[in-house]
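Just so you know, the sequences run in chain order B and E.
So the first sequence is numbered by my numbering: it starts at 2 and just counts up by one.
So the second sequence is numbered by my numbering: it starts at 430 and just counts up by one.
It is worth saying that the hints were derived from the structure and are not from the lab.
Watch out, some of these pointers could steer you wrong.
EDC-like cross-link-like pairs, simulated, lysine to aspartate or glutamate; straight-line CA separation at most 16 Å [claimed, not checked]:
| id | chain 1 | residue 1 | chain 2 | residue 2 |
| --- | --- | --- | --- | --- |
| 1 | B | Lys-29 | E | Glu-460 |
| 2 | B | Lys-29 | E | Glu-497 |
| 3 | B | Lys-275 | B | Asp-248 |
| 4 | E | Lys-456 | B | Asp-205 |
| 5 | E | Lys-475 | B | Glu-206 |
| 6 | E | Lys-479 | B | Glu-24 |
| 7 | E | Lys-475 | B | Glu-229 |
| 8 | B | Lys-32 | E | Glu-460 |
| 9 | B | Lys-140 | B | Asp-205 |
| 10 | B | Lys-32 | E | Glu-441 |
| 11 | B | Lys-29 | E | Glu-446 |
| 12 | B | Lys-29 | E | Glu-502 |
| 13 | B | Lys-32 | E | Glu-493 |
| 14 | E | Lys-456 | B | Glu-24 |
| 15 | B | Lys-32 | E | Asp-490 |
| 16 | E | Lys-456 | B | Asp-79 |
| 17 | B | Lys-29 | E | Glu-493 |
| 18 | B | Lys-29 | E | Glu-441 |
| 19 | B | Lys-3 | B | Glu-57 |
| 20 | E | Lys-456 | E | Glu-446 |
Residues on chain E that point at chain B, a partial pick, calculated with CB under 7 Å [stated by the list, open to error]:
| id | residue |
| --- | --- |
| 21 | Val-470 |
| 22 | His-474 |
| 23 | Gly-478 |
From a predicted model like this one, the values you see are computed outputs, not experimental measurements.
Note that the Cβ used here is the ideal one computed from N, Cα and C, for glycine as well.
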Amino acid sequence: MKIKSYLPDQILSNDDLAVVFPEWSPRKIEKKIGIKRRHISASDETALDMALKVCETLLTDNDREIIDFVLLCTQSPDYYLPTSACMLQDRLRLKTGIGAFDYNLGCSGFIYGLSLAKGLIISGIASNVLLVMSETYTKHIHPLDKGNRSIFGDGAAAVLLNSDDISKIHNFSLGTDGRGWQNLIIPNGGLRKRFDENAIDWTDENGILRNDNNLYMNGPEIFNFTIEAVPKLIEEVLSKNKCTIDDIDYVIFHQANQYMLQYLRDLIKIPEDKFYINMLNTGNTVSVTIPIALENCLNGGTINTGDKVLLAGFGVGYSYGATIITV
Amino acid sequence: MTINVFTKELAELLEIEDDLSLETNLKDYEEYDSMSIMSLVAYVHKTFGKQFNARQLNQIDTVESLVELIGKESFDS
């Protein structure tokens, strides 16, 4: 599996945050949520721009010839329409006789992308699928929302999948629970509630400022959801692949925040030495965290050819999913 | 678990240096922020097997209100 990630140049450190929010301790942010720095997209750099940049580093001329489907996962598209994937096809100079579309998912996006790519290839609809995740959540966040500014960073990642790669992506377990739709949301800007340039700032129970044009996350409710859903998800994906956690060489969850990951790891009883936690220099990049982790693990030798790796993503929607791959 | 042990563990969890009593109002402490509430969600689930929704969590002010939410029957006298 060819995989690459891209992180924008600008960095927001915990010390930078402490200048804006003196009551917010850099040490506590690092200790609790496991983040020291995040990369922030430039004001004129969109998810499509970042998608283009990461694909330019991934693809050879030959790859551009053979790609016959583009899947782009983003919740920060350039436009309502057209779908960014069409513009990406053009900017990458890919063939016109191919399929391309965006899909709107967050933290579960990479898992769903793998499932879509697998379906397209197994059914014979496509042979070489370019799967791209690109996200600029930081553009959705109120400048005085210290919680979300501490957690989220921007980034993009791309993988190229062919039939050989797909044969190493095993069975999936997917889940949806739309009852949690209000707990991670940008209320304004769609057609239900239009973007409101006069939106009023309000302070939530934790003293965090935002308005309805911005990203809102109800942290405790999201945590409650993961405590309920993720252990079952892992049990189910192991069962669907007829194996136990002992048969898995390494586990990569969506890098939501360190505290939550440690708690889920202990709850599910995943050994510490086969569980990835590293968001120190990237923050939570939504659908991009799992491919960043995969790339790091492959480059750093944490996982090696033949290893079985369990991947799981969960969050906004609520939407969740897991699969097992052989690298 | 006794209330005494609970208040000690709670202070450590929330990184509050003062000794906590049932009357202590957690909202008076700067340390009681969204990151600490996340720790509290995990602690209460692990220790008492209970989960609270955001509305219930928002209503916590004194240590006693937290004890009542968890349920006094969960504590040893």
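Structure-based check of each hint:
With a C-alpha separation of about 10 Å, the suggested pairing of B/Lys-29 with E/Glu-460 holds against the 16 Å cut-off. A threshold of 16 Å between alpha carbons decides the hint, and for B/Lys-29 with E/Glu-497 the separation of about 28 Å lies outside it, so the pair is violated. As the CA atoms of B/Lys-275 and B/Asp-248 are separated by approximately 11 Å, the hinted pair is consistent with the 16 Å bound. Restraint check: the Cα-Cα separation between E/Lys-456 and B/Asp-205 comes to about 13 Å, which is no more than 16 Å; the hinted pair holds.
A C-alpha spacing of about 24 Å is found between E/Lys-475 and B/Glu-206, which places the hinted pair above 16 Å, so the restraint is violated. For the given pair, E/Lys-479 sits about 30 Å from B/Glu-24 by alpha-carbon distance, which is inconsistent with the 16 Å threshold. Under the criterion of a C-alpha separation no larger than 16 Å, the hint pairing E/Lys-475 with B/Glu-229 is consistent with the structure, at around 13 Å. Restraint check for B/Lys-32 and E/Glu-460: the C-alpha separation of about 14 Å stays at or below 16 Å, so the hint holds.
For the hint linking B/Lys-140 to B/Asp-205, the alpha-carbon distance of about 20 Å lies beyond 16 Å, and the restraint is violated. Only pairs whose Cα atoms come within 16 Å are accepted, and B/Lys-32 paired with E/Glu-441 is accepted, the gap being roughly 14 Å. Between B/Lys-29 and E/Glu-446, the direct Cα distance comes to roughly 15 Å. Compliance with the 16 Å bound is thereby established for this hinted pair. Annotation: proposed proximity of B/Lys-29 to E/Glu-502 is violated, straight-line Cα distance about 33 Å (limit 16 Å).
As the CA atoms of B/Lys-32 and E/Glu-493 are separated by approximately 28 Å, the hinted pair breaks the 16 Å bound. The straight-line distance between the Cα atoms of E/Lys-456 and B/Glu-24 is roughly 14 Å, inside the 16 Å bound, and the hint therefore holds. A hinted pair counts as satisfied when its Cα atoms are at most 16 Å apart, and B/Lys-32 with E/Asp-490 does not qualify at roughly 25 Å. Restraint check for E/Lys-456 and B/Asp-79: not satisfied, since their Cα atoms lie roughly 41 Å apart, outside the 16 Å limit.
Taking the CA atoms of B/Lys-29 and E/Glu-493, the gap is near 26 Å; set against the 16 Å cutoff, the hint is violated. Straight-line distance between C-alpha atoms of B/Lys-29 and E/Glu-441 comes to about 13 Å, which keeps the hinted pair within the 16 Å bound. Of the supplied pair hints, the one linking B/Lys-3 and B/Glu-57 holds, its CA atoms being roughly 13 Å apart against a limit of 16 Å. The hinted pair formed by E/Lys-456 and E/Glu-446 meets the criterion: a straight-line CA distance of about 15 Å does not exceed 16 Å.
Because the smallest distance between the Cβ of E/Val-470 and any Cβ of chain B comes to about 5 Å, under 7 Å, the interface hint for this residue holds. Below 7 Å, beta-carbon pairs count as interface contacts, and E/His-474 has one with chain B at about 6 Å; its hint therefore holds. At its closest, the beta carbon of E/Gly-478 sits 11 Å from a beta carbon of chain B; the interface hint therefore is violated under the 7 Å criterion.
Of the numbered hints stated above, those contradicted by the structure are hints 2, 5, 6, 9, 12, 13, 15, 16, 17, 23, listed in ascending order.
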